[in-house]
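Engineer: Given next are the chains, with one letter for each unit.
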Amino acid sequence: MATVTADPGISAPGPGGPGEASPQVVGRSLGQLFWRRFRRDRFALAGVVFLVIMILLALGAGFIADNIVHHGPNETFVRERLNDFGLPKGPDRAFWFGSDNAGRDVFVQILFGARTSLIIAFFATALSVSIGVLMGLVAGYYRGKVDTFVSRVIDVVMSLPVLLLAVGLAAACGLQPQGCLGGLIKPGLGLVAMVIGLFNWPYIARIVRGQVLSLREKEFIEAARSQGSGNLRIISREVLPNVAAPIIVYTTLIIPNNILFEAALSFLGIGLPPLTPAWGKMLDQAGATFTYAPWMMLYPGLFLFLTVLAFNLVGDGMRDALDPRTAR
Amino acid sequence: MRRYLKLLALAGVFTIVAAACNTGGDTVTTTTPPPTDGETTAAPELQRGGTLNMAMLSDDGITYDPQKEYYSVTWSVFRCCLLRTLMSYRGAAADEGGTEVLPDLAAEPPTVSADGLTWTFKIREGVTYAPPLQDVEITAQDFIRALEREFTPEAGAAYPFYYSIIEGTDAFNEGEADTISGLTAVDDKTLEVKLTTPAGDLPFRFAMPATAPIPEGVTDGHDEDYGRFLVASGPYMFQGADLLDFTAAPADQAPVAGFDPGRAHVLVRNPSWGEGESDPLRGEFAYADEINIAIGGTEEDAAAKIDNGELDYLIDGVHPADQVQRYRTTPDLQARIFIHPSDAVRYLSMNVASPPFDDVHVRRSINLATDKDGLRRLRPGGELAGEIAEHIMVPGVLGDLLADYAPYATANGQGDIEAAQAEMAQSKYDTNGDGSCEESPECNNVLAVTDEGDPYPDQAALLSENYAPLGITLDIKQFDRGTMYDKCNDPASHTTFCLAPGWGKDYANATTFAEPLFGNASLGPDSCCNYALVGATAEQLAEWGYDAPEVPSIEDKLAECNPLQGDEQTQCFAELDQLLMEEVVPWVPYLFDNNIDIVSENVLNYHFDQFAGLGAYEKFAIASAQA
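Residue numbers (my numbering), protein chains in the order written: chain A, 1 to 328; chain B, 1001 to 1627.
A couple of the hints might just be wrong.
[Stated by the list, open to error] Derived coverage of chain B by chain A (criterion: at least 3 residues anywhere in the stretch with Cβ under 8 angstroms from a Cβ of chain A; other residues may be distant):
1. 1350-1363
2. 1376-1388
[To be verified] To list a few chain A residues with every Cβ distance to chain B over 12 angstroms, as calculated:
3. Arg40
4. Leu118
5. Pro161
6. Glu222
7. Gly287
8. Gly301
These are computed hints drawn from the structure, not numbers from a lab. Even glycine gets a Cβ: it sits at the ideal position worked out from N, Cα and C.
Can you build the whole structure from these sequences, using the hints too?
Structural biologist: See below:
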């Protein structure tokens, strides 16, 4: 069974009117159709451009630090960039975004902070989506007791005070050199990504479950079953491809949430190892210095805002492109 | 000292509990701005009246129980205002004689027997307590009561070790005696103190708040909360203290209204305090009618309030760097910022039993590589934060004996990597002699513990840079300050490098920088504060899981110095300091701290109290009260 592609909005009727064969009707793939719609959303396109730039900057942070600005994210310039009273100097030709309390380059910190944020956001999102999709598929497809059990688990997880638990877990595992759970969980970026990912899967699980509950009653599922396909095959070959669109859309929307979550944790000083640049950590440090070093808050705040906004714009654009019924 | 350490933390500043004896004020460097009228003149024309508005960012843990308090903030309030002791200080900076211990409730300096074991204090006549005990005169038995409480386990005293040299304290503490045999009230106005060993610094110990007199019966039933029922003897008392009713059962007594934990501490005049001759240290002062200490807020809030006159003085906390800069550079404001050495040292502590610091060459190399000037610049106030430290004991206790001593001096205190690498090349961990021990796993991810509060993470970043050329990488763990100290103080935690400790004197004698920091008796989680494990025995090292068979010890030198007195003792401790710096090398001392105070325009006659390392509040006069 092929992926269901029937969609009344796929192509406009030709001049001949409905039911009349038109020479202008062009067969397009799902990807082509998606792109035609997506590219009409200029905000989404701008978001993509920004994100591509951010990803390139994050990937090239080391190169930029070594070859362009010639200093690393944790390199301190206590005599060059702090005055006699210990106050940091602002933006200039050498330090484009100014320096922080330790005389570090805010620009380089932002580049490496982007790397931290994006790594954590992507890994945490991958974990959330993996768990959520799996749980949603199982609950929606099997229904009954399985659904009840999974749904209650979702309810429980959604009822948890996520930030507090995340803070507690990250603190408990992050402060001990040996980690926690017998060393199973080690301090570092992985810990933060895992903490975030473990608490954000219920949302996507609910969406997937709802979709699967509907899909499993469709004729093509019945057909597959009648042809002898097993549950695993039906789930993987028939159901999963048909929930791909909402998964993709939701994934793009969950990433900015996870970026903000990571920023909140690092703002609280939890989870990330010392000397790991992070936007939230930079904002935390900037709070006390805002009156005399506003650039310490301005730049990380701006980049955090723009990155989250870009992901949201891209997510909205993808949703509109994948589901024209919700188009603006 | 724990409480003191908490202040260092909370404030990141300079607080030092106590001060004292060295009257060599001319040897203490001060970076105070050009003399201000207020601090250098007695200003006899000042009028009493008005309210002194102060702030404390947190009073968490403050009890105002004289036996429990080991915190410079409360010591400053006790000395100026609430409690008088047999001996005390004049509430002045070191260069004004602020470390000289003087008779307070004692009518004259104590006399000491030829063998140094028996001290006699004559008590001032006619001094009474604050209401409701304004008719009760202070007697010798009241001091004995205070010291007995110091050794009563239920009272939870903070520093009984200073008085354990008094004969009979052990027996009393263990319940084997009803009284301390070494304390005798010869008559109402004569206290005799017998020691088990000579202690020339005893007058300083009797200037600490734990020895303040306690009237009969007032602590009954108040082991935990005597501070809320405190009977004052100084120029002030808690608001509402006159309503205390000690005739009622302890559970039925209402505490003072003026100590409202977490909200405000309000001090009002003690109407029974005798001025002039009866209190020679404070008699002509005590200008404010009321002292109001508001609790809470942030350093930034406090700075703004001091700027606009809503607040007169911040007791704890650090003034923001921009405020310090503004007050130092604006002519109209320069008279309101005061900078004094606080007799505290900040240092990095190396665990001499833990690789790679079990090799003295590595420890010396670390000393040479450390950018002390950089560490100072990262502290609030930058260069004003203090003087670069080249040895352990502060000038406030050694005078100028080691003024020119700098075994690891580098240009401008910025570190010398070449010299450090040359030293490292002699270490067993630098197997190829290239000045870096990166080839040795012991040099990788050295466990370094620091405070999570500013500026310590930034300092850790700088130190990581400093030591990278030596092949040493740090595995930095950040904790809240209390946890950090617990980690550093617990040998079993194997904390190799403790990056954020500080130490201040309890009184101006080098003994307070020796035994507590490097003595065997100060080792382990149940004691404090020998983080470097200097002097640990082979058995202790094995018990704590170290492979090192032995570590350097200074026990012999301590035994030599402790019984000495006066200049001879100071010289001995100066030699000990040199021994520590060159042979033992447990620390990288990097800063002799300054205290930076900024007051509102409402404060006249600011004075610094070298004993507590904070303001001498009794001398603060209120501008609005002047005619």
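Engineer: Would you mind marking each hint as holding or not holding in the structure?
Structural biologist: Results for each hint:
1. 1350-1363: violated (count 0)
2. 1376-1388: Contact hint for the segment 1376-1388 of chain B vs chain A: holds, 9 residues under 8 angstroms.
3. Arg40: Check passes; 48 angstroms lies beyond 12 angstroms.
4. Leu118: holds (23 angstroms)
5. Pro161: holds (21 angstroms)
6. Glu222: holds (59 angstroms)
7. Gly287: Gly287/A is in fact no farther than 12 angstroms from some Cβ atom of chain B, at 9 angstroms.
8. Gly301: holds (18 angstroms)
Taken one by one, the earlier hints fail for this structure at numbers 1, 7, listed in ascending order.
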